[in-house]
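Colleague: Knowing the structure of chain A, use the given hints to seat chain B with the ligands on it.
Those protein sequences? They're chains A and B, same order as listed.
The first sequence begins at 1 in this note's numbering and counts up by one.
The second sequence begins at 1 in this note's numbering and counts up by one.
No lab work stands behind these hints, which were simulated from the structure alone.
In this text, a Cβ means the ideal position worked out from N, Cα and C, and glycines have one as well.
Careful, some of the hints might be misleading.
[To be verified] Where chain B lies over chain A, by a calculated footprint (3+ residues, C-beta under 8 Å):
1. 34-43
2. 184-198
[Claimed, not checked] Listed next, with one range per pair, are the computed distances between beta-carbon atoms:
3. D113(B) <-> E228(A): 55 to 65 Å
4. N75(B) <-> K197(A): 44 to 54 Å
5. G274(A) <-> K102(B): 51 to 61 Å
6. T87(B) <-> L319(A): 25 to 35 Å
[As the list claims (entries may be wrong)] To give an idea of the interface, some chain B residues facing chain A are shown, with a C-beta separation under 7 Å as derived from the structure:
7. P26
8. S82
9. E88
10. P106
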Amino acid sequence: MYGNAYIENNGKELNSLTANEDPIKLAEFEARIAAGEKIEPHDWMPAEYRKQLVRMIEQHAHSEIIGALPEGTWITRAPGFRRKMALMAKVQDETGHGQLLYNAAETLGKSREDMTNDLITGKSKYSNVFNYPAKTWADSAVIAWLIDAGAIVNQLANSKGSYGPYCRALERICAEESFHLKYGHDNVVFLATGTPKQREMVQDALNRWWEPIMHFFGPSDKMSVHTETLMKWKVKMASNDDMRQTFLDMYVPKIWDLGLTLPDPNLRKNDETGKWEYTEPNWEVFKQVINGNGPCNKERLAVRRKAEENGRWVRQALLNKNAKYVAPLS
Amino acid sequence: MKIKSLDPRVTRSNIDEDTQEGILNPLDHFETYEVFEQRKRGIHHVHVGSVHAPSAEMAVVFAKEQYTRRGQCVNLWVVKTSDVFVTEYEDSDIFETTVNKKYREPDAYKVIDRINAFKERNAKQNA
Ligand SMILES: [Fe+2]
Ligand SMILES: [Fe+2]
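Only chain A is shown next, with the shape it has when bound in the complex:
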């Protein structure tokens, strides 16, 4: 699961970043994308296209791996055997998504070891929502339903992008996400239609998660960096606000349907514009959290590092000294 790529504003217009590219090759490349064809690993591509894609696919991969941590802690405490099995399957899926995506990013020239190092040293980003704790079982239910729902909106859009290996990974991922969504919805419905105590639990979880969910698609288009070229190259497939609108349109009615409320008095659909209106989430908080100051950032990275350290002796025992590095094919 995954929110939106956090595109860093380096102060440069993307157009100026293609200034050094061969204009004929650039024109052919853009024509191929405009015609709906995919770009494959060994094709010529602008340096900026490669850089932005590596960053985006890598962030996505990290999000799958780190995203499995808050849910993973609930496996031992999930109520009942069936939910434990289902949650284990979901967590395994997410880890698998991470691996598929690392392989896709590797085809662009960055090794999995480098990506993992950049994750655990805090150099790379991942989706902001996973820096929050899953306090109760209801949090785990809300994550599986609504965070995965948000991820599906994003992943479906990106699967229509221009880079072949990323699209292929996303198609496989989207197929599996439908189980996550159903499983999460089932858990939320079970609590929302249960005892007053259970309803209270799920309402509390919703209140806690609403701001991170609103942050999930990234800052409003009004304040985000110039993304025209990335849209033209089909690296970014929809604006942050458009994806947020799609999400609100699909899920707010389903939440209200269960008699649950959302902690935003201004949230409503404007019948004239067909758009959702809401209180602008606090983007200062978002920036603070994504830059390492959220409630769980340090713990998430430490757990990831420890897993790598704990597994090292097994990997060392299996290491083949004659191995040569070759990027995966596609």
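Modeller: Frame of chain A, contents of chain B with the ligands only:
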């Protein structure tokens, strides 16, 4: 060791949260293997992706976990990525075919006009 609780909020693993260094060296996660899956008997194996693994045997184990979790597979092949010889997209003109190779296509063979003319001629002769 006796575990007091399975709740990770109670039993903490006391991990040091302040290490700054990267800990992986090149190839610590092994080479990659390309994975080919046959979904049922009678159809071709199809390339589905790749896995990192220290050997072909482990590649099969990882490929089974990664690509066949939901059944629908009867056979797997794995092959080291470095052993696959590939063509470049840049050279894809080698697959172009020209009009003078039309004789390869089934629709280059049109016999019906000739058969009809032959039948007509015969009919006239026998009339
Ligand atoms: Fe998921
Ligand atoms: Fe996922």
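Colleague: If a hint holds in the structure, say so; if it does not, say that too.
Modeller: Against the structure, the hints come out as follows:
Closer than 8 Å: that is the beta-carbon criterion, and the region 34-43 of chain A has 3 residues meeting it against chain B, so the requirement of 3 holds. A stretch counts as covered by a chain when three or more of its residues have a beta carbon under 8 Å from one of that chain; for the region 184-198 of chain A and chain B the count is 0, and the coverage is violated. Restraint check, D113(B) to E228(A): a C-beta distance of roughly 58 Å satisfies the suggested window 55 to 65 Å. A beta carbon spacing of about 51 Å between N75(B) and K197(A) agrees with the range 44 to 54 Å that was offered as a hint.
Take G274(A) and K102(B): their Cβ atoms lie about 55 Å apart, and the range 51 to 61 Å holds. With their beta carbons about 32 Å apart, T87(B) and L319(A) fall inside the hinted range of 25 to 35 Å. Checking P26(B) against chain A by beta carbon gives a least distance of about 6 Å; that is within 7 Å, so the hint holds. Using the Cβ-Cβ criterion of 7 Å, the hint placing S82(B) at the interface with chain A is satisfied: the shortest such distance is roughly 4 Å.
With a least beta-carbon distance of about 6 Å to chain A, the hint placing E88(B) at the interface is held under the 7 Å criterion. Taken as an interface hint, P106(B) does not check out: its beta carbon lies about 28 Å from the nearest beta carbon of chain A, beyond 7 Å.
Against the hints set out earlier in the document, violations occur for numbers 2, 10.
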